[in-house]
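**Student:** Can you make the complete structure from the sequences, with help from the hints?
Once you know that position 539 of the sequence shown is 539 in the UniProt record's numbering, the rest is easy, because the numbers rise by one and skip nothing.
Just so you know, not all the hints are guaranteed correct.
[Claimed, not checked] Straight line, CA to CA, 25 Å or less: simulated DSS-like cross-link-like pairs of lysine-lysine:
#1 K352 / K308
#2 K308 / K452
#3 K45 / K19
#4 K443 / K462
[Stated by the list, open to error] Now the in silico label distances, taken between C-beta atoms and shown as ranges:
#5 K443 / S315: 29 to 37 Å
#6 A437 / N414: 29 to 37 Å
#7 E534 / K411: 44 to 52 Å
#8 Q467 / T283: 16 to 24 Å
Treat the hints as calculated values from the structure; they're not laboratory data.
Built from N, CA and C at the ideal position, the CB exists for glycine as well.
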Amino acid sequence: MVAEVFSAMIQGIEGQIVKIQVDISNGLPNFNMIGYLSNEVKESKERVRTALNNIGVLLPPKRISVNFAPADFRKCGTSFDIGVAAAILLAMDFVPETYIKDTLFVGELSLNGQICPISGVLPIVVAASKRGIKRCIVAQENVAEAAFVEQMEVVGCRNLEELFFYLKHGYIINDDSGEILENSGNISEDSGKECTIQDVKKSQEISESTRSLNLLVKDILENADEDKISVTDFSEVKGQVMAKRAMEIAAAGYHNLMLGGPPGVGKSMLASCISGIMPQMTTEEMIDTTIIYSAKGLLKDSFSLITKRPFRNPSLAVTQAGMFGGGMTPQPGEISLAHHGILFLDEFPEYKREIIEMLRVPLEKHEISIVRKEQTLTFPADFLLSVCANSCPCGYYPMDKCRCTYRQIVKYQNRISGPILDRIDLFVRCEEIGYEALTSNSKEESSADIRKRVSKAWEIQKERFAQSTTLFNGRMNKNEVEIYCKLDEEGQQLMKEAFSVFQLTGRSYFKILKVARTIADLEGSYDIKSRHVEEALYFRQKGEGRVKVR
Numbered sequence: 001m002v003a004e005v006f007s008a009m010i011q012g013i014e015g016q017i018v019k020i021q022v023d024i025s026n027g028l029p030n031f032n033m034i035g036y037l038s039n040e041v042k043e044s045k046e047r048v049r050t051a052l053n054n055i056g057v058l059l060p061p062k063r064i065s066v067n068f069a070p071a072d073f074r075k076c077g078t079s080f081d082i083g084v085a086a087a088i089l090l091a092m093d094f095v096p097e098t099y100i101k102d103t104l105f106v107g108e109l110s111l112n113g114q115i116c117p118i119s120g121v122l123p124i125v126v127a128a129s130k131r132g133i134k135r136c137i138v139a140q141e142n143v144a145e146a147a148f149v150e151q152m153e154v155v156g157c158r159n160l161e162e163l164f165f166y167l168k169h170g171y172i173i174n175d176d177s178g179e180i181l182e183n184s185g186n187i188s189e190d191s192g193k194e195c196t197i198q199d200v201k202k203s204q205e206i207s208e209s210t211r212s213l214n215l216l217v218k219d220i221l222e223n224a225d226e227d228k229i230s231v232t233d234f235s236e237v238k239g240q241v242m243a244k245r246a247m248e249i250a251a252a253g254y255h256n257l258m259l260g261g262p263p264g265v266g267k268s269m270l271a272s273c274i275s276g277i278m279p280q281m282t283t284e285e286m287i288d289t290t291i292i293y294s295a296k297g298l299l300k301d302s303f304s305l306i307t308k309r310p311f312r313n314p315s316l317a318v319t320q321a322g323m324f325g326g327g328m329t330p331q332p333g334e335i336s337l338a339h340h341g342i343l344f345l346d347e348f349p350e351y352k353r354e355i356i357e358m359l360r361v362p363l364e365k366h367e368i369s370i371v372r373k374e375q376t377l378t379f380p381a382d383f384l385l386s387v388c389a390n391s392c393p394c395g396y397y398p399m400d401k402c403r404c405t406y407r408q409i410v411k412y413q414n415r416i417s418g419p420i421l422d423r424i425d426l427f428v429r430c431e432e433i434g435y436e437a438l439t440s441n442s443k444e445e446s447s448a449d450i451r452k453r454v455s456k457a458w459e460i461q462k463e464r465f466a467q468s469t470t471l472f473n474g475r476m477n478k479n480e481v482e483i484y485c486k487l488d489e490e491g492q493q494l495m496k497e498a499f500s501v502f503q504l505t506g507r508s509y510f511k512i513l514k515v516a517r518t519i520a521d522l523e524g525s526y527d528i529k530s531r532h533v534e535e536a537l538y539f540r541q542k543g544e545g546r547v548k549v550r
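**Tutor:** Here's what the structure looks like:
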């Protein structure tokens, strides 16, 4: 008899279901594993053999063949260990098929039989649910993460002996110590017993536990604290009225933003405030973001649902793989970790030129594709780009303080190409603050107040794009711009003059219309007025012309 169980691995940020088949037949004693396996999967043979031996299960002196199907992609990771162990127990007739059918097994085994947690459980369980699998068995530490998926029965096992007991009886004896239970003799002696009525009743404990976890998850989703979104509040930033206005527009329409100005005026502090004026994430956004962080192995504890919009600030030394994703086993990069949130690049011109230029595709398509010899993986990357940039190496151009030569200034500014600037919607220069403004006791507007206006603008956009996949003004395509961004005669005349004066490209022209639409939404205006176009042009002209950009 060929025993079959379901297991899974992570491919990028998605779970890939794998069927593990075990056949035990007469022949020279051998333990062979096939199916296009990586080294860590091949090594599971010794982990499984030793773990089974340490709970009293000796493999028979026969030919044991383990196949991982399908064989057309490379299997990697350590998530298959308990699946292989369960399939072997089934092939040896130690356990019935009752609790193996339609069950997913994911977890790593230690040599003493402990089941260790793995990264990426959430996307794996999501994939299993789509496949029609009703139950998953994971390490105890992964139970809460797996419970985020509704309609999935989740069973947590701390060790291989608990797994064996569950596969026989359908429930697990509660043992708060977490130690492997002392085995009274060889497990095989007890393998043929039938489950009693009492055992069946006790199996309801698993379902009750799963329901309790799902209720806890629901409570986490419903009680995400909207008032504790940001560490830095806008009320802490003195002055910079125009910069704050630009950030409000950026948050309201998901527009990319560049902050310029001399050192020490608060550009970085302002940028750190932007997540605080964006509305709370929806449940779908939380799950999407948590899946990415789970696949990357960045969830800090068992209940680490990502409830706050990501704010990613990668180092200047970040590599291409670190920023955009990749590696031997492709993983998401910083742009994907910023999905549904903010990607903040401080000292933007100081990043490597190839890093800056490679932002072109994700800024347009809002996703990134990683191509490997065997496969192409696509990671989501729908983020709001916020960058800070000085205008020269010393940072003070065009002020009298600047001591850079003209050649140094031009070379520094040319680190950011025209096509990249063309993909940024809003440009604003932060000016130095005087002593009076810095020491003033006047009350600045708080992030909560600004967030109320942004939330209203989001509601308007939600209603506008109800029949579309578009969510924000900053993501409108050409056809949607023509429908929702119509100008009156005065506005058209303004745009006509601006097109020639600022030497606009087609892309920047449409970006100005999108920004004007967002400004009108913030005002609650159905029509785009000339004043909305004027403000959009103000924030655009700062980015037109290599000298005027900064």
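**Student:** Evaluate each hint against the coordinates.
**Tutor:** Hint by hint, here is what the structure shows:
no.: 1; hint: K352 / K308; verdict: 29 Å, violated
no.: 2; hint: K308 / K452; verdict: 17 Å, holds
no.: 3; hint: K45 / K19; verdict: 16 Å, holds
no.: 4; hint: K443 / K462; verdict: 32 Å, violated
no.: 5; hint: K443 / S315: 29 to 37 Å; verdict: 36 Å, holds
no.: 6; hint: A437 / N414: 29 to 37 Å; verdict: 34 Å, holds
no.: 7; hint: E534 / K411: 44 to 52 Å; verdict: 34 Å, violated
no.: 8; hint: Q467 / T283: 16 to 24 Å; verdict: 21 Å, holds
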